[in-house]
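Chemist: Taken in order, these protein sequences are the chains called A, B, C and D.
Heads up, the first sequence is in the working numbering, so the first residue is -6 and it goes up one at a time.
Heads up, the second sequence is in the working numbering, so the first residue is -6 and it goes up one at a time.
Heads up, the third sequence is in the working numbering, so the first residue is -6 and it goes up one at a time.
Heads up, the fourth sequence is in the working numbering, so the first residue is -6 and it goes up one at a time.
Take these hints with a grain of salt, some might be off.
A pair counts as met if it fits within one copy or between any two copies, since identical chains are not told apart.
To be verified - No more than 30 Å apart at the CA atoms, straight line, and that leaves these computed lysine-lysine pairs for DSSO-like:
(1) Lys107 to Lys168
(2) Lys5 to Lys218
(3) Lys107 to Lys126
(4) Lys5 to Lys107
(5) Lys145 to Lys168
(6) Lys218 to Lys34
(7) Lys168 to Lys5
(8) Lys23 to Lys218
(9) Lys126 to Lys5
(10) Lys145 to Lys107
(11) Lys23 to Lys145
(12) Lys168 to Lys34
(13) Lys5 to Lys145
(14) Lys126 to Lys218
(15) Lys218 to Lys145
Keep in mind that the hints were calculated from the coordinates and are not lab data.
4 protein chains.
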Amino acid sequence: MHNGIAMQHVPKLMDAELRAIDFSADYRLKEPADYAQWYNKTHIDLANLEHAVYGLPELYRERIASARLVANPGCYPTSAALAIVPLLQAGLIEPQDIIVDSASGISGAGRDPKPEHHFPERHETFEAYSVGKHRHMVEIERTLDPYVRGRKCAVIFTPHLVPMERGILSTVYLKPIQPVSVEHVMQVFAEAYESEPFVRLRERLPRTNEVARTNFCDMSARVVKSRIIVLSAVDNMVKGAAGQAIQNMNVMFGVEETAGLI
Amino acid sequence: MHNGIAMQHVPKLMDAELRAIDFSADYRLKEPADYAQWYNKTHIDLANLEHAVYGLPELYRERIASARLVANPGCYPTSAALAIVPLLQAGLIEPQDIIVDSASGISGAGRDPKPEHHFPERHETFEAYSVGKHRHMVEIERTLDPYVRGRKCAVIFTPHLVPMERGILSTVYLKPIQPVSVEHVMQVFAEAYESEPFVRLRERLPRTNEVARTNFCDMSARVVKSRIIVLSAVDNMVKGAAGQAIQNMNVMFGVEETAGLI
Amino acid sequence: MHNGIAMQHVPKLMDAELRAIDFSADYRLKEPADYAQWYNKTHIDLANLEHAVYGLPELYRERIASARLVANPGCYPTSAALAIVPLLQAGLIEPQDIIVDSASGISGAGRDPKPEHHFPERHETFEAYSVGKHRHMVEIERTLDPYVRGRKCAVIFTPHLVPMERGILSTVYLKPIQPVSVEHVMQVFAEAYESEPFVRLRERLPRTNEVARTNFCDMSARVVKSRIIVLSAVDNMVKGAAGQAIQNMNVMFGVEETAGLI
Amino acid sequence: MHNGIAMQHVPKLMDAELRAIDFSADYRLKEPADYAQWYNKTHIDLANLEHAVYGLPELYRERIASARLVANPGCYPTSAALAIVPLLQAGLIEPQDIIVDSASGISGAGRDPKPEHHFPERHETFEAYSVGKHRHMVEIERTLDPYVRGRKCAVIFTPHLVPMERGILSTVYLKPIQPVSVEHVMQVFAEAYESEPFVRLRERLPRTNEVARTNFCDMSARVVKSRIIVLSAVDNMVKGAAGQAIQNMNVMFGVEETAGLI
């Protein structure tokens, strides 16, 4: 939310030899140029930016365990990265042709009471916003990049607002490099997530209310014509925010990873 | 809404020999003392206050027709007065023991985006507010007073907020002076409203969505033990506001009363 | 829900010397005649009906502790009884002039998908139902009766449906026998509930979302003209149903009363 | 809705030299094999199927004017076809790489009260359904086919359910054959729809509540990396159903096309 604040305070915490989980976006993008471009600010704490670890335990558990500074991921990137990384890692999909079409409950828009989120304005409408301009687009790309050697990913990200309190569903369109079956896709996910306490692979399609108030990410896939479609659901305020921070804290301090979480 | 503004401008309109319908509460309460007490302001236009007509056509059609200044009623008082006046006028009920329990959609709270009406806060809750302190309580009482000779009415008014866009349902508890049948109650209403284009008496209970986006007031009654219960539904933004203003305008200008209204 | 089923099975459970908490209405009304009148069935297990205990721990904790059969209360009666009993017990209010105006989320209407609860029909409407005919009216009366020696209570009960998932708010209108201050009313409640883990007295008005997914009953009071108004909020599926059953089970088995409950 | 019924009755209407607008899907797919595959029924009225006209006035106004039988389009295909045809016709986009990601209010699921659309189940959730299997996928493809000479279109269609009463937003991902600017895309739409009374091109993104209860289709476009994104909003019950039928009727009978419509 209040990006730009954390990087003023983190140096003091690090100097005091404390460990921190940053809820803002200040330490999510490794490239200062990305930060400058998407957040309209010059990053003022490059030293700590360098060693900060992106806090998606399913991808970086070991580095989080020893990290001094963890950048807690954005809500949309959490739902998107979990749906894409295993397929990218398995070399199944084209990294330059990724479409992430997401929809979020209104709590994702923050706590400030804006006219467009006033109850009577919002109760009965659906819309896209920030198409091609949302900051989470670059966050998704940078999260995926390490999984394609020597290339960059290109993600088209379209967020929408759903008249509900909480929940994100991402519908991700991926282009297989070679024809692939849905069974194979699900097998790749099963191997990637078999030990994960918070990822649930499902045959049927995920629904946001089945992950509401939990730290789960529910996921399913379909193959339709020339595309793999992966659907993933998280609670934007739990796995997409505070719950994931607790999960990160558990990993950092070596306690049971599921402690305090449902 | 912006009470206190209209009374600054109405004198100029009246001086220019124009006619006006005031949407604010400035000319609804005949007693300057009531206005001072409930709106925390001294009324500055007593001359026009005196001849202003309360714009409930079902009660004051003839006076509205020739009025120069019409005070458009509040939303709750519209639903309450229509449910009570005929029974008071028929001498059936005790004027000192009236309970109006109302519930309104959130548009009734105005357009300003307040934290408590931010979508995620409001989507899944129900609550009462301003219990015993809402300004419409005195407006209802003053609207009823003329129908009991020489006495005052005492109304207990409890508004609630419903997580929907629009609509008011008032559940009105009235004490019959003598035992009465529901048939008799409905007969009194039928006689009072038989020529009214916008009051619909119903055997079944009214629902707010059946009057949504219309100028209708749907009404039904039950007799339960020691009370008559009258239920009335209006759209707070139509019969409870703009639609009623159009109805008043039609009456003032002698055009078809239903013109431009559904 | 499926009233009439439990009384076919409870005798077997009692014969087997088991203890039971009945979720249906079969053992809530002590008088077989009441059951016959309101549920259109002849009670077939009078023996167990006689020793069944009404499972409102705030009223009957000691009897529940040793009960073999507990009748878990209805959702509306829970919210109403907690709001009324202390004032009745203190002799402050008139037992024949009680109005309970309640509003419930749609889960209160059960799981069967009826046309009137189909999402598009329900999303934007508010209405009363079963006015003067709801079975919980007699359940409330019979729950209150023991607290007025030698007299009967008369309750007018008006339930409404709110387009939200869960929650009940009851707005209860009570007539003080002598003029009373709101401070005195709150003091009576404070004494009645000071040791209760699940009753929260509040100065500000209760909201259903503040008790959602909890076993709490939030309560506040106002005095307006000739009435005490008590507002109480519960989650109809927790304190109004399953949570209260767990609370009863805890009392019956002598474990911490709050175990497993929030 | 009740597909398979209309084709039993239409022959009689045609024999009686009447004209008809069919609300079902029976006459939308020109190929009997498509109908058999997607509706699991053998088409029994091939004679009338052949001359039936697909009732999208923006595409087939002249043929509708003289048609004896009009097949009123599905809700999703209306929103999709209007967003795609002009670009296909202009030769700007790849016909084999079209993704239509749509979201609909719950009225789109029909009037039958199913468990999954029971209010408490639906109020706070978002989900995709029938991914790659929805019958409107083939309807969209067949509607687009005539605009690519000698080739077939391939559409991936993913519908979602939004907890609101009405409205469809389609987010359409199209691959330009050559790099294109958003200005050029909007220019193509402007030329295609400049005389259309019910298509509104907008710079800002469309919202479903801005077309609710109207026959409008609001549309906007963006170019993001390798894709054109077109967003189109309709009311599924008006432009997506009954309103379009009225528009077709107006065209068929030569009255003002906007008569009776907002």
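Chemist: Work down the list of hints and note, for each, if the structure agrees.
Modeler: Taking the hints in turn, this is what the structure says about them:
1. Lys107 to Lys168: neither (38 Å within a copy, 35 Å between copies)
2. Lys5 to Lys218: neither (53 Å within a copy, 40 Å between copies)
3. Lys107 to Lys126: both (20 Å within a copy, 28 Å between copies)
4. Lys5 to Lys107: neither (34 Å within a copy, 36 Å between copies)
5. Lys145 to Lys168: Both: 15 Å inside a chain and 20 Å across chains, each within 30 Å.
6. Lys218 to Lys34: between (43 Å within a copy, 24 Å between copies)
7. Lys168 to Lys5: Neither: 45 Å inside a copy, 49 Å across copies.
8. Lys23 to Lys218: Between copies, since 22 Å is at most 30 Å while 36 Å is not.
9. Lys126 to Lys5: Neither way: lysine 126 and lysine 5 sit 33 Å apart in one copy and 51 Å across, limit 30 Å.
10. Lys145 to Lys107: For lysine 145 and lysine 107, neither the intra-copy (36 Å) nor the inter-copy (43 Å) Cα distance is at most 30 Å.
11. Lys23 to Lys145: within (14 Å within a copy, 44 Å between copies)
12. Lys168 to Lys34: Answer is neither: 35 Å inside a copy and 33 Å across each miss the 30 Å cutoff.
13. Lys5 to Lys145: neither (34 Å within a copy, 62 Å between copies)
14. Lys126 to Lys218: both (29 Å within a copy, 11 Å between copies)
15. Lys218 to Lys145: both (25 Å within a copy, 13 Å between copies)
Consistency note: the structure conflicts with the earlier hints numbered 1, 2, 4, 7, 9, 10, 12, 13.
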